[in-house]
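**Q** Listed below, chain by chain, are the residues.
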Amino acid sequence: MAELLFEIPGVESGRAFGLILILGIFILGIYYMRRGKLPYIRRVAAIDAISEAVGRSTEMGKPVLCSYGTGGFGYAVIAAMSILGHVARTCAETDTRLLVPTGGSHTSYLTRELAIDIVKGQYTAAGKPEMYNEDDMPFLSGEQYSFTAGYIGMLVRDRPGAVIMTGGHSSEAMNIAEMSNLVGALTITSGTYVSNMAALACASDYIMLVDEQPAAGAYLSKDPEQLATIRVVDIYKVLSLLLIVVGLLVLNTTGNDFIRRLLAS
Amino acid sequence: MGKEGVNLLKLMATYDKRWGYLLLFILVLLPMLQPIGMPISVSELTKDYLKQLETLEEGDIVLDSWSTEYSGYMELKPGMIATHKYFIKNGIKLFICLGHPEGLALVDALLNEEIKGYMEKYDYTYGEDYIILGFALPNQAATLAMATDFQGSVKVDWKGDSIKGTFLDRIETGADIDMIADFTTGAGNPGLINHIVLTFGTPMIQNQIGVSLPGSFMNLDAGLITGLLASTRGGSELELLIKEPGPGLIAMDAFTLGHYLLIILIVIGNIGFFGWTKKVSEKMESTTIR
Amino acid sequence: MSWFFKSKQVNLAILVASFMIGFVPYFIKVPQVNEFANTLTNISSVVGQFTIVIAIYSQYRRSLRFIRERRKGWVYNIYLLTFMSLMILIGFTWGEHNATYMWLVNSIVAPCSSVVYGILAFYMFSAGARAFRARSLKASLLIVAGVIVLLYQAPLTGSVIPGIEPYAVFLTGTVGMSLSRMFAIAIITGAIMLNVRMLTGRELAFLGFAREEES
Amino acid sequence: MEQWTFISQIFQIFIAFCLFTTLYGKGNPLRSWAEYSYLAAGTAMSVMWAWTYIRNHAVIGLQAGELIWIPAIILGLMMWFRIYPKYSYISRIPIAFTIGIGMAWTIRTSIFTQFISQISATIVPIFDQGPMWLFERTVIAVGVITMMSFFLYTMEIKGPHLWSATFGEYFMYLAFGAVFAGTFMGRLGLFVGHMQSYMFPVWKQPYTIGILLLVFVVMLALERTGWGAKLSA
Numbered sequence: 001m002a003e004l005l006f007e008i009p010g011v012e013s014g015r016a017f018g019l020i021l022i023l024g025i026f027i028l029g030i031y032y033m034r035r036g037k038l039p040y041i042r043r044v045a046a047i048d049a050i051s052e053a054v055g056r057s058t059e060m061g062k063p064v065l066c067s068y069g070t071g072g073f074g075y076a077v078i079a080a081m082s083i084l085g086h087v088a089r090t091c092a093e094t095d096t097r098l099l100v101p102t103g104g105s106h107t108s109y110l111t112r113e114l115a116i117d118i119v120k121g122q123y124t125a126a127g128k129p130e131m132y133n134e135d136d137m138p139f140l141s142g143e144q145y146s147f148t149a150g151y152i153g154m155l156v157r158d159r160p161g162a163v164i165m166t167g168g169h170s171s172e173a174m175n176i177a178e179m180s181n182l183v184g185a186l187t188i189t190s191g192t193y194v195s196n197m198a199a200l201a202c203a204s205d206y207i208m209l210v211d212e213q214p215a216a217g218a219y220l221s222k223d224p225e226q227l228a229t230i231r232v233v234d235i236y237k238v239l240s241l242l243l244i245v246v247g248l249l250v251l252n253t254t255g256n257d258f259i260r261r262l263l264a265s
Numbered sequence: 001m002g003k004e005g006v007n008l009l010k011l012m013a014t015y016d017k018r019w020g021y022l023l024l025f026i027l028v029l030l031p032m033l034q035p036i037g038m039p040i041s042v043s044e045l046t047k048d049y050l051k052q053l054e055t056l057e058e059g060d061i062v063l064d065s066w067s068t069e070y071s072g073y074m075e076l077k078p079g080m081i082a083t084h085k086y087f088i089k090n091g092i093k094l095f096i097c098l099g100h101p102e103g104l105a106l107v108d109a110l111l112n113e114e115i116k117g118y119m120e121k122y123d124y125t126y127g128e129d130y131i132i133l134g135f136a137l138p139n140q141a142a143t144l145a146m147a148t149d150f151q152g153s154v155k156v157d158w159k160g161d162s163i164k165g166t167f168l169d170r171i172e173t174g175a176d177i178d179m180i181a182d183f184t185t186g187a188g189n190p191g192l193i194n195h196i197v198l199t200f201g202t203p204m205i206q207n208q209i210g211v212s213l214p215g216s217f218m219n220l221d222a223g224l225i226t227g228l229l230a231s232t233r234g235g236s237e238l239e240l241l242i243k244e245p246g247p248g249l250i251a252m253d254a255f256t257l258g259h260y261l262l263i264i265l266i267v268i269g270n271i272g273f274f275g276w277t278k279k280v281s282e283k284m285e286s287t288t289i290r
Numbered sequence: 001m002s003w004f005f006k007s008k009q010v011n012l013a014i015l016v017a018s019f020m021i022g023f024v025p026y027f028i029k030v031p032q033v034n035e036f037a038n039t040l041t042n043i044s045s046v047v048g049q050f051t052i053v054i055a056i057y058s059q060y061r062r063s064l065r066f067i068r069e070r071r072k073g074w075v076y077n078i079y080l081l082t083f084m085s086l087m088i089l090i091g092f093t094w095g096e097h098n099a100t101y102m103w104l105v106n107s108i109v110a111p112c113s114s115v116v117y118g119i120l121a122f123y124m125f126s127a128g129a130r131a132f133r134a135r136s137l138k139a140s141l142l143i144v145a146g147v148i149v150l151l152y153q154a155p156l157t158g159s160v161i162p163g164i165e166p167y168a169v170f171l172t173g174t175v176g177m178s179l180s181r182m183f184a185i186a187i188i189t190g191a192i193m194l195n196v197r198m199l200t201g202r203e204l205a206f207l208g209f210a211r212e213e214e215s
Numbered sequence: 001m002e003q004w005t006f007i008s009q010i011f012q013i014f015i016a017f018c019l020f021t022t023l024y025g026k027g028n029p030l031r032s033w034a035e036y037s038y039l040a041a042g043t044a045m046s047v048m049w050a051w052t053y054i055r056n057h058a059v060i061g062l063q064a065g066e067l068i069w070i071p072a073i074i075l076g077l078m079m080w081f082r083i084y085p086k087y088s089y090i091s092r093i094p095i096a097f098t099i100g101i102g103m104a105w106t107i108r109t110s111i112f113t114q115f116i117s118q119i120s121a122t123i124v125p126i127f128d129q130g131p132m133w134l135f136e137r138t139v140i141a142v143g144v145i146t147m148m149s150f151f152l153y154t155m156e157i158k159g160p161h162l163w164s165a166t167f168g169e170y171f172m173y174l175a176f177g178a179v180f181a182g183t184f185m186g187r188l189g190l191f192v193g194h195m196q197s198y199m200f201p202v203w204k205q206p207y208t209i210g211i212l213l214l215v216f217v218v219m220l221a222l223e224r225t226g227w228g229a230k231l232s233a
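Residue numbers (the working numbering), protein chains in the order written: chain A, 1 to 265; chain B, 1 to 290; chain C, 1 to 215; chain D, 1 to 233.
Quick caveat, the hints were computed from the structure, so don't treat them as lab data. Please note that a few of the clues may not be correct.
A partial selection of chain D residues facing chain C, derived with a Cβ cut-off under 8 Å [said to hold, decoys possible]: (1) L19; (2) Y38; (3) S110; (4) M185.
Where a beta carbon is used, it is the ideal one built from N, C-alpha and C, also for glycine.
Hey, can you work out the whole structure from these sequences and the hints?
**A** Next up, the structure:
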């Protein structure tokens, strides 16, 4: 470990810079959320893929299957809920049947309730509350592989035209993606960890990489506060790039360990 | 060539993938019926892992963390057996913490079956040389509690017997642990790195499944872990290095054939793609890779 | 009393307070605070274990509905409930080191768990065979990297062509690793930002507030 | 006892191959039976683990006079109100409490392991350990920077940024190839290890092959006669 650059009295040594970074996220986050001004946000290609997938299903008269993951309330699942909302709205408007498998973990009962609220809300907002059918959002048990088996059962029985699998799916994702390919559905997925991402990129028709999913979710939600989130994330990404570039340049030209000492502080 | 040639190309591009499944099944089982004994090489990664093991001295205490379900054990088995044989042979003291409920089945499979004879040979006994603490590290909080006040947070072993009077009396905090050996199927228990490695500078070696290797390489490069044994392949290399042949080396024939089958199918797929898909149909196969 | 539980402010206050209790001690040097935080954390991990009952309840309810409505596969649900109840009963009565209980774990959970992960080898296999086709520069890069690493990983080629090792190690250890590193750095801020939104009361849906706001 | 071990081993092989019939892509009763057995046993096991955890901490602690476990049990019981929609609001307090603590634990350390350590590990002297080191370290830095630039959303990608992002995207696919191969090795290792446990010791081999063929034939027969779909879950 490099020598410390500074210490804050009372703060554990070696943890001050981390604390400053976290506080920075809090301050920037609250500032951008309060400001309420919509930042520019690039339209992620996934959004077009989703529209295409839903459109294709509508044309073929097949249902759309959209899932938001098996995990509890995390970064990926919250983003997936925005995407689910958008898909539900499109389905309601185009009279396409929407299937949403839920469950998969002990934390999924809480997410399930939110998902039901969202889908119901979108059908109501589109003026077709009677089209909402709770049987199309079955609870497939709180165990991961039973959920997977149920999910695959839905794929085989209902033969959806599109499968939009977003949010926090783990090892069952490959299982679902290959099966969905077998039944001829257009498959859109998102990877939540690196090896999963590489495998899903091969298995699915379209994949949202790294944090494209939260970006797409924020874009579709049009909620200024979610968009502000993306802004802060970008600022930190740029900050990390700057730290790397400056750190490497300074260290290798002058031998000064400044940035690493700052990071270790 | 004529029509038949075209059909062969079409077959290469669009064959039913279940034939591939069947072939994989056969190619994995065959070499087990009739071992071929193909040679293997040892990677630098495994050599470094062994160097880490060699820093331990007799009587050192290792936190032996098994954060794997039973299925992951199938992949980690060669590495787990080889590493534990090294520990046993060199008189290292172990306290085993399970990070997953299915770990219970592992105790049976590993300690009571695979290396039972080996433990008897070196007179490696429960209580004196190793202790099983059971599902003691379910989360970060438990790990922190163990790292800051070991005696306060751990009182009994997995069967509810007191651990007083054993070698664990020597541990007050994480600083008294000489090494962490983590056998894991994922990030494992992040608490090990966060609360023991980062706080006390304890070296940590890891035996990781192939799926989660990218993350482990990253941690290895950042110095958060000091040794890495990669999947079954790493385990069999360690078997070779410590001269204790086991299941890993037997698995290597099937391993080689499985890999070659995929490579062959990739070649066939490409011939089919250029010979048929590209000419006949504009519709691409279902994949993001374009 | 129910206003207390229902109040958004009260729940938010508990969320923030428990966050602070967990968060602050890591950064400041006061041992007593640390100890208190550890105690609360131990409590929270015990509390978390209680949710299993909700899981079981949902499972029973779902299965009973299948049985009542004679839906496809209802017989399996009878089997499921009976078997599950029996095993729980055995576990509670004789403890989990009991031979019968251990037999069930070793003979059912262990092989099935190995299958559900092992089967992914087949899915990886077919996805690879389908996707690794040289459609473009991107796909070609994927194939080149993939095949080199595959050849190295296959023990035979790894030892017959030792020259391949540095390339494969470069691809996994250097190129693959930088992807993981980028991923780790990119994802962390967003995760913390989500927590900022939760702590400032903007994302309380997880407590079930969404439903009431709408109605 | 010997006989019992034998029966157990045969049973394990049988249930495993029943579950492997999933690969055929059609439902059949063998698979359904294996799946439901797994679900039942797995859930029961989770229950036992949760109970053991509560017992080893809260119950034993209480017996030793540690009163701090009383609120833990009360909060845990409050969680159960999630079942009754009318009173589910009571469960919010334990949920807020556990989520708050969990959040704190994740944030406070992940900033070090995922952000600071990773940036710090990228900043190293690149000239002092030979050309290979120089090359590798440069690749890591360039890889991280260019790939990251591909994932910036609130700025338009143009000019040099476009170059960087495009390079990053290609770099990423190169990495995917390597990662995919590694993942394949892992899953294959798991499968091979699993099969190995059914093929060794050698006495198991005829039984394993026999059961494999039996399950395969039964599955095909069920599929051809149409009974497979009818009898499956």
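**Q** Hint by hint, note whether the structure agrees.
**A** Here is how each hint holds up against the structure:
1. L19: holds (4 Å)
2. Y38: holds (4 Å)
3. S110: holds (6 Å)
4. M185: Hint holds; M185 of chain D Cβ to chain C Cβ min 5 Å, cut 8 Å.
In summary, this structure violates none of the numbered hints.
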